[in-house]
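Enquirer: Make a model of the complete structure from these sequences and hints.
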Amino acid sequence: MKALDTTELKSLVEALVFVSDVPVKVDKLAEMLEVDRGDIRSVLDELEQDYRERGIHLARVAGGVQFRTDARFADAVRSLQKSRPFRFSRAALECLAIIAYRQPVTRGDVEYLRGVDSGGVLKTLLDKRLIRILGKKDVAGRPLIYGTSCEFLEIFGLHSLEDLPTLKEFSELDLDLAEEATAPPAEDSSGAADEPSIH
Amino acid sequence: MKALDTTELKSLVEALVFVSDVPVKVDKLAEMLEVDRGDIRSVLDELEQDYRERGIHLARVAGGVQFRTDARFADAVRSLQKSRPFRFSRAALECLAIIAYRQPVTRGDVEYLRGVDSGGVLKTLLDKRLIRILGKKDVAGRPLIYGTSCEFLEIFGLHSLEDLPTLKEFSELDLDLAEEATAPPAEDSSGAADEPSIH
Amino acid sequence: MKLDIKLENFEGPLDLLLHLIRSNEMDIWDIQINRICEQYLAILDAMQSLNLDVAGEFLVMASTLLHIKSKLLLPQSEFEEGEEEEEDPRAELVRRLLEYQKYRVAALELDDRDLLGRDVYARKFTSPELADVEGEEYFEVSLFDLVEALQDVLARAPKEAVHEIGFESVSIAERINHILDRLCGHESLSFKELFADRPARIDVVATFLAMLELVRLRTIRLMQTDRCGEIWIFPTADGEEPVVGGLEDESLGYN
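Going down the list, the protein sequences come from chains A, B and C. Take the first sequence: its position 180, counted from the start at 1, is 180 in the working numbering, and no numbers get skipped. Take the second sequence: its position 80, counted from the start at 1, is 1080 in the working numbering, and no numbers get skipped. Take the third sequence: its position 252, counted from the start at 1, is 2252 in the working numbering, and no numbers get skipped.
Rather than coming from a laboratory, the hints here were simulated on the basis of the structure. Treat each hint with caution, since some may be false.
Here are a few chain A residues that face chain C, going by a calculated C-beta distance under 8 Å [as the list claims (entries may be wrong)]:
id, residue
1, 19
2, 71
3, 93
4, 97
5, 116
6, 155
7, 156
8, 157
9, 172
10, 173
11, 174
Heads up, the beta-carbon is just placed ideally off N, CA and C, and yes, glycines get one too.
Expert: Now the structure itself:
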């Protein structure tokens, strides 16, 4: 490909990221366009800046970049698409949290930490491609080991697992949680009883 | 919808046009957002101006507006498309599963199990190098026998075929799911446009 | 203690215990097992008296609590001197509760993020720009494309013909010559054009093998308009006259 000036490269990268339905990686852009990674990174930084105040933003997710709508327009987007919001059940979120932070983990690990059977939730998370089977643990019984998937990063808007906030260590009870537990579970408060949900 | 100032309306319209897979009509936007058509038209004019020098443009097509990549990037856009990661159709996944678990298998075996012609899917899988031809079966017709490839293991992050979960391990997860299904609402997120899915 | 607690509001016994300890405003490091145990069992009883199923995990925890309670009743003096001091019977439960709480908080944090498909949206569809990507371009045909085309034709061939294979003598060379004859004076020829409306299966096979042979001899090239589209036969563009005639079956290894 012929040499591009920065403006041209920026426009080209913008077009490519726009047209892709999955996050596009810096390496892929660099390879495709035969341009240094550093140059790609700098036009991405510029693009990120350009879109900061707009209705869509350049998000760094799942090891790549993707244009995404601003969160404050979620309701309007949904009504345009005639889609209903999904929500994650607490069980699904707990399993995901455990798997995300502790991977690779076995079903047994998850169940010990949660104190409840989690086979069904794991199956659902596998079905939804939020977690994946990493292989089998090299111990008696060779239990399956699980980790989070690329889709997990994509959906939760994480660039990589290192992007996860540090786990809070507690030596006391979290009082914020206390309030929440006495009320009905938080995710039911949204009103729509028939919302699709991921359990 | 509460009154929006022009900047906010512009961002909102930008987000809606961005996320739509078909051209969006002015009337539809006006009706949805409960805003005068004139206001919609004027923010569209502004957006058109904003994007004039960018890699994507606001195009007026089929009685509506749509973001389109600049025509001069058509070749690059096409090559991006070609290097898209392989996505599995339901059929592809079924075939791959049968081959992974039953290998070596012939096409006949696959079709017997699926009950439908599977040649096209096998071809795709061969093209994508997820399966390979192991040889010919020593029976009448000498049918090709298929097995999975190294790439298959790589893509699925498996060290060896022994790391494939057994069907029993899966039915255990399923069993839990069946139990759960009797109590809480059905898990389904069919409404969520962006739910993780296998295409 | 109110008993209007719904077990299904809790993710499990650990969650319920955290709730009880919090609502009793107890110090996690000094759980009054008697009180907690009593309340916990009362909730389980209430559930059972309503004929509601109580999951096994809740019952297991009940027995754990009772076990801890009984251990606490044993006087410390029963342990011989010099023996390593026994750990507080509540210690493991406390560790588990704090560990569980950690992931419980992490789960809520995950839920607080802007989720794709819930809070933010991307273009999760194929752009119109890409819809006609494969357009008029030609791709080199792979063997699999060929086999697929063969299967198409075979599917249309009369089934009875299958049984005639092996008895009819078919000359590959004759088919090669037929292809080259048809190709003469044409820029290209489609695979389908080589056949009559309802070709015998044996003819299809022979023609197919002939075509492969011609590809091997670099006399023709096969191209396809798209992955599943029509296969086109082109003479090779190296200017040489295609070898016509003089091909014997034996020289090709077919008999």
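Enquirer: Would you mind marking each hint as holding or not holding in the structure?
Expert: These are the hints, each one checked on the structure:
1. Restraint check, residue 19 of chain A versus chain C: the minimum CB separation of about 5 Å is within 8 Å; hint holds.
2. The criterion of a C-beta within 8 Å of any C-beta in chain C is met by residue 71 of chain A, whose closest approach is roughly 4 Å, and the hint holds.
3. A least Cβ separation of about 4 Å between residue 93 of chain A and chain C falls short of the 8 Å threshold, and the interface hint therefore holds.
4. The beta carbon of residue 97 of chain A is positioned within 8 Å of a beta carbon in chain C (closest approach about 4 Å), and the interface hint is therefore held.
5. Interface hint status for residue 116 of chain A: upheld, as the beta-carbon distance to the closest one in chain C is roughly 4 Å, under 8 Å.
6. Hint status for residue 155 of chain A: holds, given a least beta-carbon distance of 5 Å to chain C, under 8 Å.
7. Given hint, residue 156 of chain A at the interface with chain C, holds; its Cβ is 5 Å from that chain's nearest Cβ, closer than 8 Å.
8. Hint on residue 157 of chain A holds. Least Cβ distance to chain C is approximately 5 Å, under the 8 Å limit.
9. Interface restraint check for residue 172 of chain A: the shortest CB-CB distance to chain C comes to about 6 Å, inside 8 Å, so the restraint holds.
10. The restraint placing residue 173 of chain A at the interface with chain C holds, with a minimum CB-CB distance near 5 Å, inside the 8 Å limit.
11. The closest approach between the C-beta of residue 174 of chain A and any C-beta of chain C is roughly 6 Å, which is under the 8 Å cut-off, so the hint is satisfied.
In summary, this structure violates none of the numbered hints.
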